[in-house]
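*Asks:* Residues per chain, in single letters:
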Amino acid sequence: MARMKFYCDEGRCIECNGCTVACEEAHELPVGISRRKVVTVNEGIEGEEYSVSVACMHCTDAPCEQVCPVDCFYIRADGIVLHDKEKCIGCGYCLYACPFGAPQFPRDGAFGTRGVMDKCTMCAGGPEETNSPKERELYGQNRIAEGKVPMCAAVCSTNALVVGDAQEVANVYRKRVFSRGKGVVGVPYGWSTAYKG
Amino acid sequence: MYHTAGVQLTKVKGLPMKKFILFLFGTVLINAREFIGKVPLVENARQVHFSGSHLNSPELLHNILYYQNWGELFTYLQVHWFRVLFAAITVTVLIVFVLHYLVIGPKVFSHEGRKFYIFSFFKRVIHWIAALAFVLIVPTGFMMLFGKYLGGGDLVLYARYLHSIGTVIFIVAVIPMFLMWLVPMLPTFDDIKWLFIAGGYLTKKKMEVPAGKFNAGQKMWFWLATLGGFVMILSGAVMYFQDFDIAFVKNIGFDQIDIDRIAAIVHNFLGMAIAALFITHLYMSIFAIKGSLDSMISGYKSEDELKHLHSSFYKKLIGKK
Chain A
0 MARMKFYCDE
10 GRCIECNGCT
20 VACEEAHELP
30 VGISRRKVVT
40 VNEGIEGEEY
50 SVSVACMHCT
60 DAPCEQVCPV
70 DCFYIRADGI
80 VLHDKEKCIG
90 CGYCLYACPF
100 GAPQFPRDGA
110 FGTRGVMDKC
120 TMCAGGPEET
130 NSPKERELYG
140 QNRIAEGKVP
150 MCAAVCSTNA
160 LVVGDAQEVA
170 NVYRKRVFSR
180 GKGVVGVPYG
190 WSTAYKG
Chain B
0 MYHTAGVQLT
10 KVKGLPMKKF
20 ILFLFGTVLI
30 NAREFIGKVP
40 LVENARQVHF
50 SGSHLNSPEL
60 LHNILYYQNW
70 GELFTYLQVH
80 WFRVLFAAIT
90 VTVLIVFVLH
100 YLVIGPKVFS
110 HEGRKFYIFS
120 FFKRVIHWIA
130 ALAFVLIVPT
140 GFMMLFGKYL
150 GGGDLVLYAR
160 YLHSIGTVIF
170 IVAVIPMFLM
180 WLVPMLPTFD
190 DIKWLFIAGG
200 YLTKKKMEVP
210 AGKFNAGQKM
220 WFWLATLGGF
230 VMILSGAVMY
240 FQDFDIAFVK
250 NIGFDQIDID
260 RIAAIVHNFL
270 GMAIAALFIT
280 HLYMSIFAIK
290 GSLDSMISGY
300 KSEDELKHLH
310 SSFYKKLIGK
320 K
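Heads up: the sequence lines are chains A and B, in that order. Letter 173 of the first sequence, counting from 1, is numbered 172 in numbering that gives the first Met the number 0, and no numbers are missing. Letter 263 of the second sequence, counting from 1, is numbered 262 in numbering that gives the first Met the number 0, and no numbers are missing.
One thing to keep in mind: the hints can contain errors.
Listed next, with one range per pair, are the computed distances between beta-carbon atoms [as the list claims (entries may be wrong)]:
hint, chain 1, residue 1, chain 2, residue 2, range
1, A, Asp-107, B, Ile-103, 51 to 59 Å
2, A, Asp-77, B, Val-97, 45 to 53 Å
3, A, Val-171, B, Phe-268, 31 to 39 Å
4, A, Arg-135, B, Lys-249, 38 to 46 Å
Where chain A lies over chain B, by a calculated footprint (3+ residues, C-beta under 8 Å) [stated by the list, open to error]:
hint, stretch
5, 138–148
6, 154–163
7, 167–176
8, 210–216
9, 292–306
Quick caveat, the hints were computed from the structure, so don't treat them as lab data. Ideal Cβ positions, reconstructed from N, Cα and C, are used throughout, including at glycine.
Based on the provided sequences and hints, a complete structural model is requested.
*Replies:* Here is the structure:
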């Protein structure tokens, strides 16, 4: 069984924010909601600066799923962490529990209050009928069901962002490390936090 | 390596005790920047060790870097403890009161004869505004806590809205309530005696319980409901607004996400105490002392009740006349 994972090669990411924009546009997200963000560390310091694209890492032991007081999360057999927006009450606990700052909260509740949570679905929609208008409206495109690569990775101009089965991603990563001939490291950024066991 | 206040903070994993030690002693004193080194980034050379470094999207990165400050603790508590403790405390309190009612039974005082005007109209109105707020806040809080058994969705979502609306009502009542009862609620020697005999609730016999206008139990509830209520409002507001930017908070070394997480932890623990004493207050006024509710409706308390339950206050009243 495939285990879907994201991997962002911070040696390749050029902070173009293409993934962020593509995601927002593909899923028609409201202004101010970014399911994927690019962060840059040590900006302007030579040799120390790098960028990495971060969104929901679809953790194995997803803390959001564990803390949710209404149990609106579910983890697909292929490891994608999804949630039911019709169950979610927008309490914000998933954000407190998330190591990656993935959960987003649009202010579309009653009287402009914080509404229900929105996050990266790895372009796999939600619990509604696959590719139905309702699923599209609530969760955005379901590109996985259509056999397409998630939007962010599809548009990545330097192929820094890779998504797919863990084995395939690991192969890509290994090849890159070999061809670079240096920088051999244990696990890619974020994996030690997101994927346990 | 990052050494802070004698505690090595390289990796804190799995051990809740260690986190608690951090929770108690470490974090307030330590500039949060020193925590950045804890996060195992890919390559050692790429660890963020320039304290003056500029972060492009700080809100997201901080969430990652500060996760081990409070994020792990919050997750651990929410997954393993909050629901269990709330349930245990509530069930314990309820069982104790059912047993008390069956074994010792309620106290019945004569409501005939002389009556004393204790609570002015203003005080009663403030009390009932606060009461309305609690009736909205406490059950909806429980609904959110145990939302998964209600199936989530709109029902629990509206409970969350009511929780906020109740808070607005409580804000109206809490300041006048704090000020109007501040003086009679100050602790006295009677309170120590009251605590030693547990307010006389463990015996069937009528006795003159040492208490002023308010007994030690009422005082505990008052301070928890006003000062504790104030903390609940603050921590609730932090969670409600979620996105805010307060320079002071950053200056003392906390990030916005830290404050959110701390607020959730504080709100839950304090909520346990308030829920327990709220149930106690209901039981005492409605079941344990028959007819004591009248005084908060009409403002008059009967002589018999005053003489036994608030003996010091009664003696003062009689002495004056």
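*Asks:* Now tell me if each hint is right for this structure.
*Replies:* Hint by hint, here is what the structure shows:
| no. | hint | result |
| --- | --- | --- |
| 1 | A:Asp-107 x B:Ile-103: 51 to 59 Å | holds, 53 Å |
| 2 | A:Asp-77 x B:Val-97: 45 to 53 Å | holds, 50 Å |
| 3 | A:Val-171 x B:Phe-268: 31 to 39 Å | violated, 46 Å |
| 4 | A:Arg-135 x B:Lys-249: 38 to 46 Å | holds, 40 Å |
| 5 | 138–148 | holds (count 5) |
| 6 | 154–163 | holds (count 6) |
| 7 | 167–176 | violated (count 0) |
| 8 | 210–216 | violated (count 0) |
| 9 | 292–306 | violated (count 0) |
The structure fails to meet hints 3, 7, 8 and 9 from the earlier list, while all remaining hints are met.
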